[in-house]
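Those sequence lines, one after another, are chains A and B. The first sequence begins at 1 in my numbering and counts up one residue at a time. The second sequence begins at 1 in my numbering and counts up one residue at a time.
Note that these hints are calculated values from the structure, not bench results. Any given hint could be a false lead.
[What the hints assert, rightly or not] Sample of chain A residues with no beta-carbon within 10 Å of chain B, all distances over it, derived:
{"hint": "1", "residue": "Arg-6"}
{"hint": "2", "residue": "Asp-7"}
{"hint": "3", "residue": "Pro-46"}
{"hint": "4", "residue": "Ser-56"}
[To be verified] Distance ranges between label pairs, derived from CB positions:
{"hint": "5", "chain 1": "A", "residue 1": "Phe-55", "chain 2": "B", "residue 2": "Glu-400", "range": "43 to 51 Å"}
{"hint": "6", "chain 1": "A", "residue 1": "Ala-2", "chain 2": "B", "residue 2": "Arg-403", "range": "15 to 23 Å"}
{"hint": "7", "chain 1": "B", "residue 1": "Glu-465", "chain 2": "A", "residue 2": "Arg-6", "range": "21 to 29 Å"}
{"hint": "8", "chain 1": "A", "residue 1": "Asp-3", "chain 2": "B", "residue 2": "Thr-2", "range": "56 to 64 Å"}
{"hint": "9", "chain 1": "B", "residue 1": "Arg-371", "chain 2": "A", "residue 2": "Gly-49", "range": "41 to 49 Å"}
Each residue gets a CB set at the ideal place from its N, CA and C atoms; glycine is no exception.
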Amino acid sequence: MADLTRDDVRALARSLGLALDGEDLGEVTHRLNAFFTALAPLGALPLEGVDPAPFSFEP
Amino acid sequence: MTGDLLYESGVALAARIRRKEVSPVELTRACLARIERHDQTLRAFITVSAEAALAAAGEAERAVMAGQAKPLLGVPFAVKDQFDTAGLRTTMGSRLFADHVPTGDATVVARLKAAGAVLLGKLNLTEFALGGTLDFPFGQPRNPWDRERDPGGSSSGSGIAAAAALAAVTLGEDTGGSVRSPASYCGVVGLRPTARRVSRHGCFPLAWSMDTPGPITRTVEDTALLLSLIAGRDDRDALTATRPVDDYLAALRDGARGLRLGLVNELTHGADTDLEVRDAVVAAARVLEGLGATVEEVSLPLLPLAGAVFMALADSAGAGIHLTWLRERPGAYDAGTRRRLMTAALIPAALQQQAERARALIRDQVLGALRRVDLLVSPTSPRPAPPIAQGQAPVTSKDEAARRFFARRSYTTPYSLTGNPAISLPCGFSRAGLPIGLQLAGRPFGEAVVLRAAHAYEQATPWHEKRPPLL
Chain A
1 MADLTRDDVR ALARSLGLAL DGEDLGEVTH RLNAFFTALA PLGALPLEGV
51 DPAPFSFEP
Chain B
1 MTGDLLYESG VALAARIRRK EVSPVELTRA CLARIERHDQ TLRAFITVSA
51 EAALAAAGEA ERAVMAGQAK PLLGVPFAVK DQFDTAGLRT TMGSRLFADH
101 VPTGDATVVA RLKAAGAVLL GKLNLTEFAL GGTLDFPFGQ PRNPWDRERD
151 PGGSSSGSGI AAAAALAAVT LGEDTGGSVR SPASYCGVVG LRPTARRVSR
201 HGCFPLAWSM DTPGPITRTV EDTALLLSLI AGRDDRDALT ATRPVDDYLA
251 ALRDGARGLR LGLVNELTHG ADTDLEVRDA VVAAARVLEG LGATVEEVSL
301 PLLPLAGAVF MALADSAGAG IHLTWLRERP GAYDAGTRRR LMTAALIPAA
351 LQQQAERARA LIRDQVLGAL RRVDLLVSPT SPRPAPPIAQ GQAPVTSKDE
401 AARRFFARRS YTTPYSLTGN PAISLPCGFS RAGLPIGLQL AGRPFGEAVV
451 LRAAHAYEQA TPWHEKRPPL L
């Protein structure tokens, strides 16, 4: 997947009512693209049918 | 009163107070004087409540003279400024809460007060316990071992106060490593208890399924005592476990003999792990072997993903909490906090769902390994405390963002994602004189075994006796 541009990220933020510009916009763009890259390997994991419950043990 | 006495453990000070060798009022005065002397530089405290502390110490003194006995009677403590304290401002390390004064105590604070402890004040933290604060509203916290180094976070002040003996014992809160990281960087002991073992009532949230209050102290015995006091069911936190609290202090007597330890290959020998850190952790495993444990290598291949998976989940939860303030008062946040929360607000829900499922797979790997061994052993952090300036540099690429934010978090966040208890304790020093942290993780509600191994190691090594070079 191609990296998001600053304009993409500004538009996403605006859709949430967040004002994003200047240094914040550049850094948030880098951070968001880092997330997409770091989490890409999850697509190769056998996640189908996995129960996403936060805990698995009895209290 | 000497600095030597202030460096004694909370357990030892409580015993001296019971024997009437030490006055709670004199001890509290000595701590306040030490804070006055060192905290202009270290910035462990956001608020020092001297008057209230001296009043509480006076009450403790009268109780001692009347023959009352409580586990921490007259012992000075301090808590991360993320926990509510009745009548004492609680800032979360943020300008947004600079004047916030709660009407009640967090459960963990109330329980330590009920045990006789004397509250000295509120400890500095990265804003809203997130990490990555660039400009601390209440002063830049500094590592007592090297003032130009990061003390770790988010419970920065708790680590500093324990290491510099500004308080006898402290409390922090650990979502992704916020107790263990400052313990590691500051050369003290920090425990993340099992999820739901300790009440979160009165603790400002970051990520509800992972937020966990825990002790930061100078000895494992103090951590065991504090856990025994703060653990247990609390009706004001519906998630807290109903199962009985173990006798953690008694467990310390059992030693390491017979324990099976798994040295986590991906964290100990990983590409991000500094060689000095690796060598110190491997040497610590050998010490535990010498104490009667057996050690084997274990592989948990999904752990390097843990940092990114954790941040996708925890930061998104945090963004949900902060969304209205981010819209209405973005300028009130520190720039580092604002950028982190705004990033998280933009992570797609589908990716969060993938991360939640990956969390379950990581948990399966960790719990599977803990069916074969009693404890998982690794470094707490890949490197000793970095320079403060390093974390303040602008992020100029996505690769740099990944290195800075995901890699080091993969060392502590696996147990945040799984809910297992994990402790950090000192296992040596780098050539630059900085502490190195050893992490031991156990089975759910297996704190007694974690503490037992940690205590055995601590007592066999000299690291807990070293003190930072305060002027």
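* Which hint numbers does the structure go against, in order from smallest to largest? -> Of the numbered hints given earlier, those the structure breaks are 3, 4, 5, 7, 9, listed in rising order.
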